[in-house]
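Undergrad: Chain order of the listed sequences is A and B. Counted the way the numbering used here counts, the first sequence spans residues 1 to 583. Counted the way the numbering used here counts, the second sequence spans residues 1 to 103.
Hint data in this document are derived by calculation from the structure and do not stem from the laboratory. Any given hint might turn out to be false.
[What the hints assert, rightly or not] Pairwise CB distance ranges, derived in the manner of DEER restraints:
| id | chain 1 | residue 1 | chain 2 | residue 2 | range |
| --- | --- | --- | --- | --- | --- |
| 1 | B | 84 | A | 57 | 51 to 61 angstroms |
| 2 | B | 8 | A | 549 | 25 to 35 angstroms |
| 3 | B | 8 | A | 474 | 19 to 29 angstroms |
| 4 | B | 99 | A | 361 | 30 to 40 angstroms |
Positions of the beta carbon are idealized from the N, C-alpha and C atoms, including for glycine.
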Amino acid sequence: MTMSRWLIVLIIGVPWLGAVVLRLVDDRRARLQHFLAAAFACITGAVSVALLFSSSGEAALSLPLGEVFGTFTFVPDAFGVSLSAIAAVIGCLAVIFSVDYMQGEAQLGRYYSFILLFIGAMAGLVLSGNLLLLFFFWEITALCSYVLISFYNDDPNAVKGGLQALIVTQLGGVGLLAGALIIQANLGTYQISTFLAEAHTLPAGVLSLAAFGCLFAAAAKSAQAPFHYWLPGAMEAPTPVTALIHAATMVNAGVYLLARFYPAFEAVPGWKTAVVTVGSVTALIAGIMAITAVDLKRVLAYSTVSQLGYMVYAIGVGGVFASQFHLFSHAIFKALLFLAAGTVIHSVGTRDMRQMGGLGRSMPYARAVFIVGSLALTGIPIFNGFWSKELVLESGAAVGPSWAYIIMLLGAGLTAIYTIRMVWMVFYKPAASEEHYHDAAPYMRVSLGVLAAGVVVGWLLVGPLGRMMERTLPYHHLHGLTLPELFAEAFRGAPLTLAIVFAGFVLYLALRRFAALWDRFDWLARFADMDFGFSWISDRFAGAVQGIAEGARVTQTGQLNWNIFGLVLGLIVILAVLIVGAA
Amino acid sequence: MSLSPVTVIWVGVFCLFGIGLYGLLAVRNLIKVIVALQILVKMAMLALVAASYSVDKLALGQSLAVMVMVADTIVAVIGLALAVQVQQRLGTLDIVELSRLRK
């Protein structure tokens, strides 16, 4: 018990200390900054791995803060320790990758200190057992995401993307805060464990308000429809940041929230259907948009949105374990894909896939790891994505609505199409230029190698993960799987899924061969390019606010007469209210 | 007709909210933006006190309001210090112009 208490203090304290230290180091001492950031991140990673071995369902650390805030507790249960391990270990690899990737960039102190701040906040978010504390860390992660997306702050696109991400995730934060306050007002506590135990005593209306507030928050944070458009905009961030925050950790916070509160909201009428709808619709439209995008990072962003849709769908059909397992796999293979894409972008100098091609010859290492990640994304056997995606689909086949299951199967086919298109355009298409590009640098190779190994063998951890969840999550009544059970589950649906994936491959090849057929889908492509109108709505909304502001500006004449008139009018109103009130 | 004090306070809360929101939308001078933000924070403080009065926990609301006062003063000081720096370095306080002035 005391052991886990110290580990929790360290897992938040070490990266935050690092964030302060890196702000203090002079920006001209870049080598020292790289070294310090890597050191702090590696220590955090080691602490998070140690924490995996001291998981428990009890609060390990409580700070009583009086009547208003309740007690701030940290609970090292299975969700907490596994997600904080993902955040810290992938964070550590992203920082090591950055040593080469950010070589020669200015303002490294700002870059590294916000990454470290983020790692600590993410660990705090998943370990906290108090709703208010959860909200606190939730907002810090949104802040870090904003700062890091807009890291190149002389690029207007980066500033716009950052602001968009900040506003959308803040909107979600309002949903979470509303849910937390409703729960507090009715139960008198912010403790998540108390809430899960006593949720059934709440009036139905109150509970469903909290449930849909949480779904709102989760959809905004995890880039689910109709809020998915901020994630592609977030691709302006430096690639290691994208891999860490916008693929492996922060975007999972929404899925985590749904999984955490699943036992309480399970019985709310319509909630599970809403979750299934959000997940499956998102998986479908993001899959279509990934097929038409030409920006390498955008394709990966849409694919992240789509895979998050799979996790949300799994929760909606009651497969919390499947969802968490897919989250675990996805974090590893998507971080690998983003970092490999970062290697390519770093040497080619563009993100446009039309200007790439033939890179396989000059970058064999990047190609190898990228293909490993792609196979996992597509769900080809023995790679980790295969097992978890099959598990998600299996849990949906049994209980969920059949239309959603069919959409998810279609989504698997779409995944195959955009993945093979991406690999083809980057590495195999006839080269766009004769230039020879350099392959991954040494530190990049270390990160990529570790992640690729994780993709190949990570799924072997399914047994311990399941046992830990059974042991430490008393309200979820989860049933973990052992390896033989996983084999049985996965291969039950595998022939169907693999046939669809194969059909996707064939369809892509056919579409490339018969250009006329491709043109037939032109309207869909154009519609997908417009983001199915979602970003149009958001732009219109922003435009309307701007218009109102411009309209209101007319009243700011700057003339003293008007101002004095306003003052006197206000005084009269106040006096009138007072006189009427006294009468 | 007679209004209870709490009703008057709630009217004040909504008035302050309206003024603050109007200020944020209509005003372009950085210092005035900070003033508008301050008005919104004052609205929150007043709402805390009014709400705690309605549920008979006045001391709680007042202590929270004092806490907000501390945090909010820090925000104001930092904001104004930034505004002074902006004026000295860039020669303007117009927020639209400032966002166009990117290097």
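Undergrad: Does each hint hold? Answer for all of them.
TA: Status of each hint after checking the structure:
Between residue 84 of chain B and residue 57 of chain A the beta carbon distance is about 53 angstroms. The supplied range of 51 to 61 angstroms therefore holds. In this structure the hint that residue 8 of chain B and residue 549 of chain A lie 25 to 35 angstroms apart at CB holds, the actual value being about 30 angstroms. Range check, residue 8 of chain B to residue 474 of chain A: Cβ separation about 50 angstroms, and the 19 to 29 angstroms hint is violated. Between residue 99 of chain B and residue 361 of chain A, the C-beta spacing of about 45 angstroms breaks the proposed range 30 to 40 angstroms.
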